[in-house]
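Here is what each chain is made of, one letter per residue.
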Amino acid sequence: MCLILTTIAAVVSTVVWYSSAKMRDMKISVLCWLFWGAAIMWLVDLAFEYAEDGADVFNPSYKVAIAVKTVEEEDAAGQEAEAAEAKTPAAGSEAESAAVTDNAGGNMFSISIEPSDNGDVKFVLNDNAAAAPASGPEEESTATAEKATEQQYGLVVKPSRNGIAVELSHVDGILNDTVLGLAVITLALVIWIAFLLISDPKGIVRSAILKKKKS
Amino acid sequence: MACFTAPLAAAIAAGVVRRTVKTKDADDPETISWATKLGWLEKLSFGGCALLAFEHIWHGEIIFQFPFLTGVRDGNTAEVLREIATVGGTMTVLILAIWAGMLVVSSRIVKRKPAVVEG
Numbered sequence: 001m002c003l004i005l006t007t008i009a010a011v012v013s014t015v016v017w018y019s020s021a022k023m024r025d026m027k028i029s030v031l032c033w034l035f036w037g038a039a040i041m042w043l044v045d046l047a048f049e050y051a052e053d054g055a056d057v058f059n060p061s062y063k064v065a066i067a068v069k070t071v072e073e074e075d076a077a078g079q080e081a082e083a084a085e086a087k088t089p090a091a092g093s094e095a096e097s098a099a100v101t102d103n104a105g106g107n108m109f110s111i112s113i114e115p116s117d118n119g120d121v122k123f124v125l126n127d128n129a130a131a132a133p134a135s136g137p138e139e140e141s142t143a144t145a146e147k148a149t150e151q152q153y154g155l156v157v158k159p160s161r162n163g164i165a166v167e168l169s170h171v172d173g174i175l176n177d178t179v180l181g182l183a184v185i186t187l188a189l190v191i192w193i194a195f196l197l198i199s200d201p202k203g204i205v206r207s208a209i210l211k212k213k214k215s
Numbered sequence: 001m002a003c004f005t006a007p008l009a010a011a012i013a014a015g016v017v018r019r020t021v022k023t024k025d026a027d028d029p030e031t032i033s034w035a036t037k038l039g040w041l042e043k044l045s046f047g048g049c050a051l052l053a054f055e056h057i058w059h060g061e062i063i064f065q066f067p068f069l070t071g072v073r074d075g076n077t078a079e080v081l082r083e084i085a086t087v088g089g090t091m092t093v094l095i096l097a098i099w100a101g102m103l104v105v106s107s108r109i110v111k112r113k114p115a116v117v118e119g
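So the protein sequences, as listed, match chains E and A. First residue of the first sequence? That's 1 in our numbering, and the numbers climb one at a time after it. First residue of the second sequence? That's 1 in our numbering, and the numbers climb one at a time after it.
Be aware that one or more of the hints could be misleading.
Label pairs and their computed distance ranges (CB to CB) [to be verified]:
1) E/D53 to A/G75: 21 to 29 Å
2) E/I204 to A/G75: 46 to 54 Å
3) E/Y50 to A/K22: 26 to 34 Å
4) E/Y18 to A/K22: 25 to 33 Å
5) A/I57 to E/E52: 38 to 46 Å
6) A/T23 to E/T178: 41 to 49 Å
7) E/M1 to A/Q65: 24 to 32 Å
8) A/K113 to E/S199: 28 to 36 Å
9) E/L210 to A/A78: 52 to 60 Å
10) E/P201 to A/L103: 43 to 51 Å
11) A/G89 to E/I204: 42 to 50 Å
12) A/I98 to E/I8: 34 to 42 Å
13) E/D53 to A/P114: 45 to 53 Å
Cross-link-like lysine to aspartate or glutamate pairs, in silico, DMTMM-like; alpha carbons within 25 Å at most [claimed, not checked]:
14) A/K37 to E/D200
15) E/K27 to A/D74
16) A/K43 to E/D25
17) A/K43 to A/E83
What the simulated footprint calls covered on chain E by chain A, stretch by stretch (three residues with Cβ under 8 Å from a Cβ of chain A suffice, anywhere in the stretch; the number is not a length) [unchecked claim]:
18) 31-38
19) 41-53
20) 192-205
Because the hints were derived from the structure by calculation, they are not lab data. Quick caveat: nothing in here was measured; it's all calculated off a predicted structure. Don't be surprised by glycine CBs; every beta carbon is placed ideally from N, CA and C.
Using the sequences and the accompanying hints, generate a full structural model.
Written out as structure tokens, the structure reads:
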């Protein structure tokens, strides 16, 4: 979505640059460079993701800034303080834990997978408000964890090769990408305005400052 | 993670070369100076890097404290370097290829006879 929005913005700014001499004076070319540069780079990024993960990259719920780590990886990284928060190890078990972080890197909650007494796997949400049942068969536990997190955070918990995968739900994935795309366009517009005011091609800022000085 | 650093390095290099070339370029209105051509590369690279850096901040991959990259902070330095080399390298190559295309097209446009405006 971000790539699409940026490419549309690049095309529009280029058409405006070509068709309007007035806008060329207003340094609209700055926007063209910004948008085309970013669109090219995101295209490469998408190509690499496609090569790695296939058609999944076109799923809006695919890419979320989450950190899914096993207990062993966290220990190896020497992040004992973070790991202590994320872990809920069952005594003597091979518990795996995933710390789910928000975009700012802050911990939202963590989930651990623990072997239960009857040989099944249980998911435990380490969050007071959204705790999954501490026992029960795997499927039931997964479904409960999924429901709890989706309701509270718009996240979907699924079993995966590495233990668990946490994804943004479909609608939230689209919204997140759209908001990012719009934020990118807004940032580019802010850069353009700043560039315009500083370069001041028509001398408007200069004359306004001088006028104020005189009065 | 930090893929935009490769095109950023290319942009800085283009900027340095442009400033060196600028003083040597002759003012010929019928040709495009190398300073202008390198300026295109610089703007394209810097423009993309600025927005990509913003996207990385959005996703929490860049932080405002040392070492500035969450990948390096988490001990995945090799992974970060690999991504700079592969994804970043390809970005730089594609930007350079598009810039080379721009040079070819622009030189043909300059050589072309000016269109006659009717009316």
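Hint check results:
At about 23 Å, the CB distance of E/D53 to A/G75 agrees with the hint of 21 to 29 Å. Between E/I204 and A/G75 the C-beta distance comes to about 52 Å, which sits within the given range of 46 to 54 Å. Range check, E/Y50 to A/K22: Cβ separation about 40 Å, and the 26 to 34 Å hint is violated. The hinted window of 25 to 33 Å between E/Y18 and A/K22 holds, with their beta carbons roughly 27 Å apart.
At roughly 23 Å, the beta-carbon separation of A/I57 and E/E52 lies outside the given 38 to 46 Å, and the hint is violated. Between A/T23 and E/T178 the CB atoms are about 47 Å apart, so this pair conforms to the stated range of 41 to 49 Å. The beta-carbon spacing between E/M1 and A/Q65, approximately 30 Å, falls within the hinted interval of 24 to 32 Å. Range check, A/K113 to E/S199: Cβ separation about 33 Å, and the 28 to 36 Å hint holds.
Here the CB-CB span from E/L210 to A/A78 is close to 57 Å, well matched to the stated 52 to 60 Å. Distance hint for E/P201 and A/L103: a CB-CB separation of about 26 Å, inconsistent with the stated range 43 to 51 Å. Checked against the hint of 42 to 50 Å, the pair A/G89 and E/I204 passes, with Cβ atoms roughly 43 Å apart. Range check, A/I98 to E/I8: Cβ separation about 18 Å, and the 34 to 42 Å hint is violated.
Between E/D53 and A/P114, the C-beta spacing of about 50 Å keeps the proposed range 45 to 53 Å intact. This hinted pair checks out: A/K37 and E/D200 have alpha carbons roughly 23 Å apart, not beyond 25 Å. With a CA separation close to 42 Å, the supplied pair E/K27 and A/D74 exceeds the 25 Å bound. For the hint pairing A/K43 with E/D25, the CA-to-CA distance comes to about 17 Å; that is within 25 Å, so the pair holds.
The straight-line distance between the Cα atoms of A/K43 and A/E83 is roughly 23 Å, inside the 25 Å bound, and the hint therefore holds. Given as covered by chain A, the stretch 31-38 of chain E passes the check, having 6 residues with a CB less than 8 Å from a CB of that chain where 3 are the minimum. With a cut-off of 8 Å between beta carbons, the stretch 41-53 of chain E has 7 residues touching chain A; three or more are needed, and the interface restraint holds. Counting residues of the stretch 192-205 of chain E whose CB falls under 8 Å from any CB of chain A gives 0; the rule of at least 3 is not met.
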